[in-house]
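Each chain, letter by letter, is given below.
There are 2 protein chains.
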Amino acid sequence: MKETRERLSIGIALFDGAEELDWAGPWEVLSYWSKYRPEDNIEVFTVAKDNSRPIECAKGLRVLADYSWDSAPEIDVLVYPGGRGTRAQVGDEELRAWVRSVHERARLTTSVCTGAYILADAGLLKGRPATTHWDDFDGLLAIDGSIEARRNERFVDDDDIITAAGISAGIDMALYLIVRLHSEDRAREIKRRIQYEPEPPV
Amino acid sequence: MKETRERLSIGIALFDGAEELDWAGPWEVLSYWSKYRPEDNIEVFTVAKDNSRPIECAKGLRVLADYSWDSAPEIDVLVYPGGRGTRAQVGDEELRAWVRSVHERARLTTSVCTGAYILADAGLLKGRPATTHWDDFDGLLAIDGSIEARRNERFVDDDDIITAAGISAGIDMALYLIVRLHSEDRAREIKRRIQYEPEPPV
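Heads up: the protein sequence lines correspond to chains A and B, in order.
Residue numbering for the first sequence follows my numbering, starting at 1 and increasing by one per position.
Residue numbering for the second sequence follows my numbering, starting at 1 and increasing by one per position.
What the hints contain is simulated information worked out from the structure, not anything from laboratory work.
Because the structure is a prediction, the values reported are computed rather than measured.
Be a bit skeptical, because a hint or two may be false.
Remember, identical chains collapse to one label, so a pair may be satisfied in a single copy or spanning two.
Keeping only pairs whose Cα atoms sit at most 20 Å apart, straight-line, the calculated SDA-like set for lysine to any residue is [claimed, not checked]:
no. : residue 1 : residue 2
1   : Lys49     : Ser183
2   : Lys49     : Arg62
3   : Lys49     : Leu64
4   : Lys49     : Arg188
5   : Lys126    : Ser68
6   : Lys35     : Asp16
7   : Lys49     : Trp134
8   : Lys35     : Arg62
9   : Lys126    : Glu197
10  : Lys49     : Arg87
11  : Lys35     : Gly17
12  : Lys126    : Glu74
13  : Lys35     : Asp136
14  : Lys126    : Ser71
15  : Lys35     : Glu93
16  : Lys126    : Arg107
17  : Lys35     : Arg87
18  : Lys49     : Glu153
19  : Lys35     : Asp135
20  : Lys35     : Gly60
21  : Lys35     : Asn152
22  : Lys35     : Gly85
23  : Lys35     : Trp134
24  : Lys126    : Asp50
25  : Lys35     : Arg105
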């Protein structure tokens with residue numbers, strides 16, 4: 001890629017009932033990249049339909065979004081997390097319209113966990129391969145039976161749409177986004193900085 | 001362990017400049033446990049010196065703490081995250097006093113990343129083995145040269161004090177906390193629920 005980069009904006013969606021690590025994993029990876037390598041010209045922000053009040057996440061964490069749908073900058077990369085809040089969002093016409101309009105202008109539309117429900121509900125996954133939380137494929141296929149369920153992949157890269165498996169899989173997907181948007185070397189650097197050298201004790 | 005458990009409270013400290021994944025990793029693991037297995041009688045909350053205003057984390061995320069130091073319930077397990085905010089906290093007498101008083105009554109005092117600076121600064125790590133972010137051992141030993149630096153461990157269990165390595169290592173440590181506080185089976189169950197089966201793409 002060329003040395004002088006245009007600014008690339010990454011918007012991470014927040015909503016009531018969003019699972020905390022679904023968004024906090026990608027937030028850490030991508031905002032660490034943005035701050036550690038300012039020359040890469042990456043901007044990362046959170047965006048909610050309404051950012052005038054705290055968002056209450058799935059496990060009770062209260063967080064303030066940087067922007068509302070209306071005030072947010074153009075989004076080049078959308079990250080849509082999952083969590084129990086996505087159930088209530090399926091069928092929401094306003095949300096469908098927002099997701100479609102972001103996707104039309106974005107370079108990449110991505111989801112973590114049941115965030116895939118929202119991409120599916122907006123019609124973006126029709127006939128395409130995708131993944132979600134291991135326990136939520138029935139729910140995903142109930143929204144759109146034409147989706148090619150990839151049950152054994154950590155994340156599925158289908159060109160302009162990338163879906164990740166459950167909760168912690170968003171960390172792996174976010175590192176892969178750095179590969180897609182920059183290079184393997186940069187992804188490796190950020191991985192080392194956040195010491196993502198997992199050693200699960202069980 | 002016996003079937004009827006006393007309530008066990010886990011307090012996760014928040015402060016300006018706390019690194020997001022340092023606390024969000026343990027938050028996800030432990031609050032998932034708390035909600036998924038209510039019969040285990042675990043309470044997880046965030047606590048800041050002052051919870052009347054948003055905490056601004058290291059990468060700019062704004063979050064509201066559940067309790068202040070004064071309003072928080074008794075803390076059985078303290079999780080102290082790291083982040084650039086810890087540098088300014090070294091030498092803070094009020095914080096030292098709070099950490100010592102929590103530690104005296106707690107069952108476990110733990111840290112992630114440069115959260116170890118704060119335990120060291122309160123005198124808790126004197127002559128004891130500990131770890132921190134791979135790039136921050138010099139800083140840790142400058143606070144207390146008697147610490148036995150464990151550079152190659154993901155987390156160090158030294159009885160009533162557990163320290164974890166950098167940022168994402170808090171996830172591994174939090175799963176280990178479930179082992180210590182409950183069982184390997186329970187830790188394995190929560191690991192599967194949050195799909196913590198990492199496949200770093202680089």
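Legend entry - Structure-inconsistent hints, enumerated in ascending order: 1, 4, 5, 7, 9, 12, 14, 15, 18, 21, 24 and 25
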